[in-house]
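**Student:** Chain by chain, the residues:
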Amino acid sequence: MLRVMAAHGPEQHNDGASAGTSARPVECSILSTANRSEVQGDMESVDLQRWRTRRLFDLAVTAAGYEPVRVARTLGIDSRSLNDMRAVPSLGYIARIAQVLGIATASAAEVVGHASGTRRCELSSPGDLAVAIARADIEDDDASLEALAEAVARSARSPADLALSALCIARASAARGEVREARERTRSLEIPDGSDALAMVACDLRDCIDVEAALGDAWTGLSNDEPVASPCRGLKEIIPFGPSDDEVAVATARRFRHAAAGLALELLRAPAREFRGACDLLAEMRRQVLDAVDSGCPHAVAWAASLAGIAALRIREAHELPDRVGKASMSLFVSVQLVIDEEIERRGSAAPMSILRRRLRLLLHEWCDRARRGEAEDALIDECDRRDIRTLCARFPRARPGAIVGSSEKSAKFRV
Amino acid sequence: MTEETSTTEAAREALARVRLEELQALARTYRNWSVKELAIALGRQPGRLVPESGMPKIDLVVALAKALDWPIEAVVEHLVKPDTGSRGDGSGADAGKDFSSLYNASLEKRLQRDYFEAIRLAVRAGSVADTPTRRAAASVIESDAHEACGSYLEALRCLRAGSQLDGVDLPWRLLIDSKIANILFMQGNRTQAIGIASSVLEYTSRIEADHVAQLARALAHWARAHALRASIPVANFEVWKPLADSAEEDFATCAEIAEALRASEHGYGERNLTFASSIEVGLLELRAVRSPDAGGSVLSRLLEIVREGGDVSPGVSERKAWAAIALANTAKRTVADDMQLWGMLELASAALRAHAAATSNWFFAHQHLEIDSERRRRLGSLAHGSRVLDATEAKLVAGVLGHVPAARTRADEYLALYATREGSRP
Chain A
1 MLRVMAAHGP EQHNDGASAG TSARPVECSI LSTANRSEVQ GDMESVDLQR WRTRRLFDLA
61 VTAAGYEPVR VARTLGIDSR SLNDMRAVPS LGYIARIAQV LGIATASAAE VVGHASGTRR
121 CELSSPGDLA VAIARADIED DDASLEALAE AVARSARSPA DLALSALCIA RASAARGEVR
181 EARERTRSLE IPDGSDALAM VACDLRDCID VEAALGDAWT GLSNDEPVAS PCRGLKEIIP
241 FGPSDDEVAV ATARRFRHAA AGLALELLRA PAREFRGACD LLAEMRRQVL DAVDSGCPHA
301 VAWAASLAGI AALRIREAHE LPDRVGKASM SLFVSVQLVI DEEIERRGSA APMSILRRRL
361 RLLLHEWCDR ARRGEAEDAL IDECDRRDIR TLCARFPRAR PGAIVGSSEK SAKFRV
Chain B
1 MTEETSTTEA AREALARVRL EELQALARTY RNWSVKELAI ALGRQPGRLV PESGMPKIDL
61 VVALAKALDW PIEAVVEHLV KPDTGSRGDG SGADAGKDFS SLYNASLEKR LQRDYFEAIR
121 LAVRAGSVAD TPTRRAAASV IESDAHEACG SYLEALRCLR AGSQLDGVDL PWRLLIDSKI
181 ANILFMQGNR TQAIGIASSV LEYTSRIEAD HVAQLARALA HWARAHALRA SIPVANFEVW
241 KPLADSAEED FATCAEIAEA LRASEHGYGE RNLTFASSIE VGLLELRAVR SPDAGGSVLS
301 RLLEIVREGG DVSPGVSERK AWAAIALANT AKRTVADDMQ LWGMLELASA ALRAHAAATS
361 NWFFAHQHLE IDSERRRRLG SLAHGSRVLD ATEAKLVAGV LGHVPAARTR ADEYLALYAT
421 REGSRP
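If you read the protein sequences in the order shown, they are chains A and B. For the first sequence, position 384 (counting from the first letter as 1) is numbered 384 according to my numbering, and the numbering increases by one without interruption. For the second sequence, position 125 (counting from the first letter as 1) is numbered 125 according to my numbering, and the numbering increases by one without interruption.
Because the hints were derived from the structure by calculation, they are not lab data. A quick note: this is a predicted structure, and the numbers were derived from the prediction, not measured. Mixed in with the good hints, there may be bad ones.
Claimed, not checked - Residues from chain B shown here face chain A by an in silico Cβ test under 7 Å; the list is partial:
| id | residue |
| --- | --- |
| 1 | I58 |
| 2 | S198 |
| 3 | S199 |
| 4 | V234 |
A virtual CB, placed ideally from N, CA and C, is assigned to each residue, including glycine.
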C-alpha cells in the first residue's frame, strides 16, 4: 500500500483543497473535445512545424559533421526548400531527416507535430480542473484523461496530486477497455476522503473503474476471482458545474451513470440467488434507459444504455439461466442497442463522442461474447459488421490480437 | 542501385497511400463524419484527401491523429510500418543451435557491448524457443540489448510483446512487468511506472518467490523508489516527506533483495545487478529531503562520488550519473548561494553528459539537458542564447527527443536553446 497517497500537507489544510491543488494555473491540452474547427491546424502551428523541421535538419547536419548542402543532397532534399521552407514538410521529408538522426520516423513526426493546433487551456483553479476531469470521464475520453493526468503530475504540489494523476491514467485504461489493468492500478491507491471538488471527482473515477471491472472485460467476460459487489460510494453533487448546457449535461449523465451502475451491480449479484428479482431488475434498467432518453441528454443515454446492455450480456454467462431471464436479458440488450442507434441517427454528425464511444464499448462486448460462443461465423459477418470491427480495433487496441479479430480474421479475411 | 532505391521508395509510398485511405475511412466511421466533414477537419479539399505521392504533409498527419484520438506517433507508425513479415528470425551462422546456447550467447554479447549481435541472437533464441516462458525470456534479453544501445522504443516493444504471450510462468511475467515499469520511468512516465511496479509487488508478495520473481521484486522496488523520488519537487518539499519515507523503504528493500540474490547460487554478480550499486546515492538524496539539516554533509558525499575516477568496475559510471542527479536536486533544495549552485549544476550536468554520451543512455541525457537548460536560464543575461553544439551533443538532443516522449513537451525549448544556425522561432 502506498501510504503516502493518503498524505495531506499543510498547504491543503490552509486553503481547504484537500486533493492538493491549490489555486494555480494548470496547462493542459484538451485533445478530444476538439470539434472540427479545433482539429484544423492554424497558420501558427504550420509555421511551428516548418521551424521544427528546419531545426531537426540542423541537428542532423551537426550530428553528421558535413556541410548542409551535402547532407541535403545525400537525403535527396532540395536545399533551396530548406532556405525558404514555404511548403509544409511531408512525412517522407521528415523520415529522411529522422534516418540521419538515428531515431524513428514516428518519433520525429511527433516532435514536429507536437501540440500543433492543439487548444491549450489554462485551468486556473481546482474547480476548473475538476470540471475538465469530470467531462473527460463522462465522455469516456482516454486521450484527454491522459493529458489531464500529465498536467496534474507536472504541476503536482502534494502526494495526493499523484494519486489523482494515477487515477486519471487508470480511468483512461478503462476507457480503452482494459478494465482489469485499471482496477489493479488503483487497488493500492488510497484516495483521500474529502468534500472538495477534486476529492469528489476522484471518487467518481474510482467508482467508474470499479463498476467496469465488476462488469468484466470484453475479452474474457466475468471473472470468478473478482467479487461483483464493488461498492458504489454514492454520488455527491459538489463538483462545481456551471450553468452552461454542456456542464448541466455532464451533471445529468453522472446521475444516470450512478443509478445504472447500482442496478447493474445488483443484477450481477442476482444469479447467485437463483435469479430472484432478475427480471424486475432488467425491467427497471429498461425504464431507466427510457428516462435517460426523456432527459434529452445524450451522455445520459450513452451511459445508462451501455451499462444496462453490458450487464444484460453478462448475466447470460451464468450457468443454468432460466429461459425467462435469458429472453428478458436479450430483449433488453437489443432494445438498448436500438435506443443508442436512434440517438446517434437523430443527432447525426453532431452526436457527442461519449455516445459513439459507449456504443462501440457495447459492440465490443457483443462481438467478444459472440467470438467466445463461436457465433462469429463467416456468413454472419457483413460489410457493416466489418466496419464496426475495424472501428473497434482503432478504439480498443487490445481488440487487435484478441478473440474478436482472431475469429473474424479466420472467417472473413478481416484486416486492420 | 539508384533504380532499386527508387523502386523501394515507390513501394513504400504506395503502401502509405493505402494506409492513409484506411485511416481516413476509420476516422469517418469513428466520428460519424461524411467525406466533406472529414475534409473540413483535415483542412483539405474533399477530392485531395490523399496526396499523389502517398506521403502526407505533416499538418494532415496531425489533423488525422486528432480526428482518430490517436497519438501522432501511432498514426505515423501505421503509415510507415513495413507490409508484413519483414522481421526475420535472425538466423545466420548459428542455425541449428538450441535455445540455451543462443540465450547465453546473447547475454555474453551484451556484456561485451556487442549489442547488435546480442539482439540478433535474442531474436534467434525467441524463434527456436519451445515454450511461452522461453519466448518471454528471449524477449527480455532482446529488450535489455535494445535498452543498452539506447533504443527505448524497441525495448518497450519487446517487453510488451512478451507480456502478451499466453502461458508464461508467473515469475517471468512479473519480471517483464517490472522492466516495463523501469523503461516507463526512464521515458518520464512516472505515474504509470508507480502503478505497474506496485501491482508487481502486490503479486510477488502472494507467491512463493524463486530467483526470477525476486529479481522482479528488486526491479519493481527500484523503479517505484526512483519514480517516487523524482516526484518530489525542489521547492516546498516539506509536505513530500512521506513520499521520501516510502521511496527510502523501497530502496532499502531493493538493496536487501539484491544482496540475497548476489549471495545465492543463481549466478548473480556485479555485472547484472549494477542498479544495486546506485542505491546509496538515491538514499542520500532522500535523507536531505527528510532532514534538510543534513544537506551539507549529503552534498559533500555526493560531490565526492561525482568526482570519483579511475575505477572501471561495473556500475561505477552509472553510480556517478545517479549521484549527479541527486547532487543537482539536493543543491537546488538546499544551496542558497547562486554561484555555488551554478557550479554544482555545471558539475552534475557534465557528469551526466559524459555518461550519456558513452552509453547512449537517453534518460541521463535528458537529465543533462534539463539541468543544463535550467543552469542557463538561471544565468539569465550571462548566458549567450542558443549555443553551438558538437556532433556528440547533437546526437544527445536527437536521442532524447526520439526516445524520451516526456521530453517532447519541451522540444521547442531544446531546439531553440541548442540551435546552431540562423532562424528564430516563429
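**Student:** Of all the hints numbered above, which does this structure not satisfy? Sort the numbers upward.
**Tutor:** 4
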